[in-house]
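Note that this note's numbering numbers the sequence shown so that position 15 is 15, with each residue one more than the last.
The reader is advised that the hints may include incorrect statements.
Restricting the straight-line Cα-Cα distance to at most 25 Å, the calculated cross-link-like pairs of lysine-lysine (BS3-like) are [as the list claims (entries may be wrong)]:
{"id": "1", "residue 1": "K90", "residue 2": "K106"}
{"id": "2", "residue 1": "K106", "residue 2": "K28"}
{"id": "3", "residue 1": "K28", "residue 2": "K90"}
No wet-lab data here; the hints were simulated from the structure.
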Amino acid sequence: MGGCFSSVVGDSVTVRSSNSSAFVISPKGDLRPYSTPVFVSEVLDQMEASSTSFFLCNSDNLSYDQHIRALDAQHELDAGQIYFVLPISKLRDRLSASEMAALAVKASVALNSKTPSLKSKGVVQKRSNSYKKKSKISPFVVMETNQDLHCFSKEIEEKEVKVNERE
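All chains, full assembly: derive it from the sequences and hints.
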């Protein structure tokens, strides 16, 4: 089993949750702030997105290889949260890695394109570090049982014995 960790240092955008706006990304990729309290049904009506064709989901509830959960029409949006309006057809399938990446890009583009107007309203703060560092990806190995570790150490001992016999 293996995996990797990565980190990126550079420009970032933060949406302040102290503001009384919820942020909705339309199917076209537009970012629209909505003053709270506001309900899912109101957002869909204002976007002229039929509730039979589109649904709203919270970006924090999106998970790889899981079904996207639609928010109920009477659900009240939370200030500082980012939501997506998606076609109803997305409810049938599990969220693939490429779809998740596409949503992340859509959110990033929407936030970056709206940063000047939202920044002037005090909603979004743009931070920039004084230096940029390349991302580093480091592999790691997970051993699930002590037996695996024992077998691994036994293999090392056997190789050490063979090396010593040759000398």
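Note to self: Hint compliance check: list the failing hint numbers for this structure, sorted ascending.
What the structure shows: Failing hints: none at all.
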